[in-house]
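S.K.: Each chain is listed here by its residues.
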Amino acid sequence: MQINPDLNFIKYLKGAGGDTLKKCYQCATCSVVCPLSGDNKPFPRKEMIWAQWGLKDKLVADPDVFLCHQCGDCTAYCPRGAKPADVLGAIRAYAYTHYGFPSGLAKLTTSAKNLPLLIGIPAAIILILWYISGGMHLPAGEIDFGHFFGHWDFKYLAKTTMFIDIIMLPTVGLALFSAYKGVSTMWGKMCEGANADPVWRPSCGKFMRDFLWPSVKEIISHDRFNECGANKDRARGHKPLMLAFIGLLIVTTYSFILKDFIGIVVPSLHGPLSLWDPFKILANVSAIALIYGIYILWTNRSNEESESGKKGTFYDWFLIYEIAVVGITGILSELTRLAGLPVLAYFFYFCHLVSIMMLFLYMPYSKFAHLVYRTFAMAFERYRDSGFIAGKSEA
Amino acid sequence: MDKKKQAYVCTGCGIGDALDIEALTGMISSEMSVDCKSHAALCSKDGRAFIEADIKDGVNTITIGACSLRVMQDEFDFGEDKIVTRANLREQCAWCQGEDADAEYVQELGSDNMRMAVVKADKQDLPEPYQLEKITKDILVMGGGIAGLTAAKEAAKAGYAVTLVEKAAALGGKALGWRKQFPTKAPWTDLQEPTIADMVHSVESDANITVKTETEVARIAGAPGVYKVTFKAAGTASEWDAPAKVAVDEQDAIDKGDVEDPNAGKNPYMQENPEAVDFGGVVLATGWKPADVSEYEHLGYGTLKNVVTNAEFEKLAKAGKVPAKVAFVQSPGGKDDDKDFPYCNSVTSMVALKQAKYVREDNPDGQAFILYQHMRTPGHMEMFYKGIQDDDGIFLTKAAVTKVEESDAGLTVSMQDTLLNDDVSLDVDMVVLAAGMIPTTKDEATINLAYRQGPAFLDLDLFEGYADSHFICFPYETRRTGVYACGGVRKAANMEETIDDATGAALKAIQCIESVDHGVAVHPRSGDKTFPEFFFQRCTQCKRCTEECPFGALDDDEKGTPLPNPTRCRRCGTCMGACPERIIGFKDYNIDMIGSMIKAIEVPDDDEDKLRILALVCENDAYPALDMAGMRRNKINNLVRVIPVRCLGSVNMVWIKDAMSSGMDGVILLGCKYGDDYQCHFVKGSEIASKRMENIGETLGTLGLEPERCATRQVAITDYDKIPDIINEFVEEIIELGPNPFKGF
Chain A
1 MQINPDLNFI
11 KYLKGAGGDT
21 LKKCYQCATC
31 SVVCPLSGDN
41 KPFPRKEMIW
51 AQWGLKDKLV
61 ADPDVFLCHQ
71 CGDCTAYCPR
81 GAKPADVLGA
91 IRAYAYTHYG
101 FPSGLAKLTT
111 SAKNLPLLIG
121 IPAAIILILW
131 YISGGMHLPA
141 GEIDFGHFFG
151 HWDFKYLAKT
161 TMFIDIIMLP
171 TVGLALFSAY
181 KGVSTMWGKM
191 CEGANADPVW
201 RPSCGKFMRD
211 FLWPSVKEII
221 SHDRFNECGA
231 NKDRARGHKP
241 LMLAFIGLLI
251 VTTYSFILKD
261 FIGIVVPSLH
271 GPLSLWDPFK
281 ILANVSAIAL
291 IYGIYILWTN
301 RSNEESESGK
311 KGTFYDWFLI
321 YEIAVVGITG
331 ILSELTRLAG
341 LPVLAYFFYF
351 CHLVSIMMLF
361 LYMPYSKFAH
371 LVYRTFAMAF
381 ERYRDSGFIA
391 GKSEA
Chain B
396 MDKKKQAYVC
406 TGCGIGDALD
416 IEALTGMISS
426 EMSVDCKSHA
436 ALCSKDGRAF
446 IEADIKDGVN
456 TITIGACSLR
466 VMQDEFDFGE
476 DKIVTRANLR
486 EQCAWCQGED
496 ADAEYVQELG
506 SDNMRMAVVK
516 ADKQDLPEPY
526 QLEKITKDIL
536 VMGGGIAGLT
546 AAKEAAKAGY
556 AVTLVEKAAA
566 LGGKALGWRK
576 QFPTKAPWTD
586 LQEPTIADMV
596 HSVESDANIT
606 VKTETEVARI
616 AGAPGVYKVT
626 FKAAGTASEW
636 DAPAKVAVDE
646 QDAIDKGDVE
656 DPNAGKNPYM
666 QENPEAVDFG
676 GVVLATGWKP
686 ADVSEYEHLG
696 YGTLKNVVTN
706 AEFEKLAKAG
716 KVPAKVAFVQ
726 SPGGKDDDKD
736 FPYCNSVTSM
746 VALKQAKYVR
756 EDNPDGQAFI
766 LYQHMRTPGH
776 MEMFYKGIQD
786 DDGIFLTKAA
796 VTKVEESDAG
806 LTVSMQDTLL
816 NDDVSLDVDM
826 VVLAAGMIPT
836 TKDEATINLA
846 YRQGPAFLDL
856 DLFEGYADSH
866 FICFPYETRR
876 TGVYACGGVR
886 KAANMEETID
896 DATGAALKAI
906 QCIESVDHGV
916 AVHPRSGDKT
926 FPEFFFQRCT
936 QCKRCTEECP
946 FGALDDDEKG
956 TPLPNPTRCR
966 RCGTCMGACP
976 ERIIGFKDYN
986 IDMIGSMIKA
996 IEVPDDDEDK
1006 LRILALVCEN
1016 DAYPALDMAG
1026 MRRNKINNLV
1036 RVIPVRCLGS
1046 VNMVWIKDAM
1056 SSGMDGVILL
1066 GCKYGDDYQC
1076 HFVKGSEIAS
1086 KRMENIGETL
1096 GTLGLEPERC
1106 ATRQVAITDY
1116 DKIPDIINEF
1126 VEEIIELGPN
1136 PFKGF
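So the protein lines, in turn, are chains A and B.
Just so we're aligned: the first sequence equals residues 1 to 395 in the working numbering.
Just so we're aligned: the second sequence equals residues 396 to 1140 in the working numbering.
Just chain A, same shape as in the assembly (with noise of 0.2 Å):
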C-alpha cells in the first residue's frame, strides 16, 4: 500500500475533537478495554495511527469507526490521554462532511460561523412562504395550527398541509437522498475495503432480513451501550431519546397519512387531534421523553467537558441544540395554543418549524447522521462476518 498522509486532514480532526490523536503511543491499552475490538482487528489502536498518518482513505471506510458509539472506555483507560474516543467522534465528523451531498452544503454544517447561515437559509424559506400562503395574522379564535399558512375551503387538500408538504417533503427528499448516496458510497468502499466480491451479493430481501434488521433491533435493545464501563449513562439519555423519535415518527407519519390521504375524503380529520387520541398521547409522551433524553445527553456533556477541562466541539453540541429546540419549541407551542396565546403559539410553532426543517435538512451531515451510517455499518459488519466475505477471504 502506498501511503501519503494527508496533513490537512490530521489538522481538520485536531479541530474537530480529535485534538489529542498525536499522543497515542500504540500501547494496544484501548483494543484491550473495547468491547469491539476483535483478535485480528486492534480497535481502535489501528485507527488512532491511521489518524495520526493522516490515511482519511482508510478511516472513512473502516465499519468499525462507525460502530463505535463512544462509550469513552478507550478514553478513561489510555494512559497518554490520547483519547480515542473523541478522535473516532471526529473521525466519524470528518467522514459525514466526506460522504455529504451537496457537499457545500455538507461543509456548511460542519462549523459554527455558519450558524447565521444554517438557521436564516431553513427561517427565510419558512418565512416567505408563510408571507405568500397570506397565513401571517394571528388567528381569530380557537389557535389552529392547521391554519397557519391560512386556510381555504378547497376540500381534498389543506392549505397549510399543502405548505407544510411543500416545505418538508423536498427537505425530507434531500436528506434521504444525500443520506442514500452518502451510504451507498461507504458501502463500496467498506466492500473495497473487506476484499468483497461483487458478484456474490445477497438478494435485498436477504439483505434486510439477515443484515439489516437485526442492526435494527439490536440498535432499539441498546445492547453495546450496556456493554460499557466508563459512559453508561449515555445509554440512560439516548434510549428514551430514540424511542421518542420513533414514537414521533409514528406519529408524523400517521398523521401525513391522515391529512394527505385519508382527508381527501374524510376532511372533518382536518384539524387538531383530541388531547385524548391515542397518537396523540403518544406524541405527547414522546416529547416528554425527548426532552427527557436530551437533557441527560445534555448534562452528561457539559460534566465531561468541565470535568476534562475540555471545550465541546460545534459538532457534538450543535445536535444537542437542534433536539432540545425542536423539543422545547414543539411542547411550549402546544402548551401556549392551549393557554390561548396567539402570538406566542404562533412565534413557537414558527420556531418550531424551523428547527424541524433545520434536524431534516441537516441530518446527512451532522451528527445525526449516525442514525443511518451506524445502522448500515451495523449491518455491513453483520455482513461482514457473513459467509459473503468471510468464508471467501479464508479460501
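Take the hints with a grain of salt, since some may be wrong.
Calculated pairs, DSS-like style, for lysine-lysine (alpha carbon to alpha carbon, straight line, at most 25 Å) [said to hold, decoys possible]:
#1 Lys684(B) with Lys575(B)
#2 Lys11(A) with Lys781(B)
#3 Lys58(A) with Lys684(B)
#4 Lys781(B) with Lys310(A)
#5 Lys11(A) with Lys793(B)
#6 Lys58(A) with Lys11(A)
#7 Lys23(A) with Lys781(B)
Everything labelled a hint here was simulated from the structure, so no lab data went into it.
Since the structure of chain A is provided, determine the placement of chain B on it from the hints.
M.R.: This is chain B only, laid out in the frame that chain A set:
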C-alpha cells in the same frame, strides 16, 4: 608486634542456648592457650567496656566469637593498632541449626569456628600501608569532546591540575557538528541551541587545565600516582608507541622471520622515557566513530543517492536546509530481525526525533517518517518524545524496512509488519539510516599502556569493544586501576548521560589518586591497607602471577621475575592463589594463615559419622548469602566448616591438599558466577579457581582419592535460599563416598 591475646564468647542472640559456653571457653583457654571469657552481649556498651578493660591491661590481639564479621564492625573496632578476628557463632552456627540438631555436633561446629578465629589472629600481622616515595596528583584526560571537557572541568574544579589531550585541532569533538541538541531542562520538549562552545571556552580559560590539541598519547607507563606518559603529534608514529603483547609462540615465529615484528622500532615496554610527563590518574574519553552501514545492501547506503547516515544528515542540517520528505530508518534487519543498528543504545532513537524536527523546521509542509523497531527515550527524554510526536508532520511506526530503491518520486521505502496493519511503501526525498556509535576502543588499544599484559584493556569478549570491567557494580572502572572510562568508549550515550558519566569518572580518578596517596586500595576493597608481598628469593619465574593477575598489576624483568605495582593492585589475591611456590601473601591474609586455620579444625579419626567438609567461601557474595540463610534460620549441615576468602582466585591449591591430608572428607568452593554474565568482583577470580580445581581433581585421582571430593559452585548474593541446599547436597555426596581413606594417617 608483641601479641597479647584474649578471646571472648558472646552468649546473646541465641548463642548461649545453642552452645555449652562453659565448655567452649574452657576448651579455648586450655587447648589454644588463649584466655577466653564470655559475656551476655559483647556488642553492648557494657560488652565493649568489658573488652576495653582488658585492652587497658595490654591486650592487643582479640578474638570475638559472636555474630558474623559482616555486622557490628564499628562496635568491634578497637583501633588500628589492634588485631581483631571474629568467629561466626551466630549466623553460621546457632541460627542455622534446627531444634532437632544434635547438640554435640553443634558444639563441635562452634568450637572449630572459635579455633579457626584464634589461629587467624595468631597468624596475622598489622598491615603497613604501601607508600610511594613521590606521588603526582595531576590528571590526564584523553579526548576533548563533551566527556573529556566535563571530566577536565570537574577535576579542575576539585583542585587538581589537568592536562587535556585532543587529537583534532580544536576542542569540542562530535558536538561541534550539531545544529541543535536535546533538551536539558523542563519542560524537556524543545531542542536547544548547542552549548559546546561555552564548554570549550570554560575549559580553555581554566588556569588548572592545560590543553594539548593535535596531540596523542604514545604510551602510558607506570602506575596510579606514578604514571609516565609520552605524548606525540597526532597521526605520527613514535619509538615510544606502546608495544603490542607478543605471546611466546608468536615470538618464535617472529624470531624465525615468518611474521613481521609488530613492535619493530618501538622501545620495550619496561624502558623508561626520561622525557615522559608524570600523572596520577587517567580519564579515558576518546569517544566514538560513526558506524559504516554499507553492509546492509537492501538499504542502499553507498549505492543510492540521498541515502545517508544520521551523522551525515546532521552535517546537512547544520549547513542548510534539509529535504521535505525524509524517512528515518532505525533498524536494518529486514523482516526477520528486529535488532537496531549495532552500537546505538537509545541515542539513535533520540537523534531521529531531533532530526525529524529539522525536516519540519525547514519545510512548512515537511513530512518526517520514523520507522523503528524500538523507540528508546529514557528518563526525561520521554517528554521530548511526546513533544516531537505531537507534531502533525512527524509520523512514527514500528516497521521492518525491507527495501530502499530509486523511483520516479525519488526514493521508495518498502516495509512490513507495521502498526498500520499493512505492508506499506513510502515515497521520500531522502532516507536517513540510524548508524551506531562505534567506541574508539573497539579496534585500537587507545589507552596505549606500556604494561606486560599489553597496551589495551583486556577484552573479555563480552562488551563488544566497549571499555568496561563491571558495568553495573563498578561503573567507570576499567580493568586497569587508575584509568577511568566515560562517554562514548563506555556506551553510546547522549550529552546529559555523558556529562554524568564524565563527572563520575573524574571523581573516581581523584578517589584513586587519594587512595594511592594514603597507601590503600581504591576499589572494590576500598581502604584496604594490605597489599601482596613477594618473597623473591624463592621465585621460580614461572610467570603464573603476571599472567593471571586480572588487572595487569605485575610487570616483569627480562628473566620473568615479577615487578609488582602495588598501586595498580586491587588486593584480590589471585597472584597468591596462583603461586606454586607460595611466596605471595598479605599481612592479614596468607597461605600459612588459612592453612593453619584448616589444620586447626578438629577431625575425629575414629567416627564414621563425624565427617568434616571444608567450605572456602568468597566473602563478596557467597559469604553474605550464607549469613542471610542463617538469618532466615535455614538449616545448614553442621559437618561443614566455613572459611571466608577474599576471592576464589586467591585460593591456593595447597589449602585443598592441607584439608585432604588432615583427614577432611571434602572441599567445596563457593564463589561468584563467571562467564557471560559474570559477577566476580575481580572479574576472573572464580573462573580461574574453577580451572585450578579441575586440575586438582585429577591430582586427587592419582592419589586414589575420588575427584568428586572437591567441587566448585557458583552462588549469587541473592541465592540465600539456595545455598543451604547446595551445601547440604554436597555433604550428601560426600557421605555417599564415605570417609577420607587417609583419615588418621
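S.K.: Okay, which hints does this one fail, numbers in order?
M.R.: Those not satisfied come down to hint 3.
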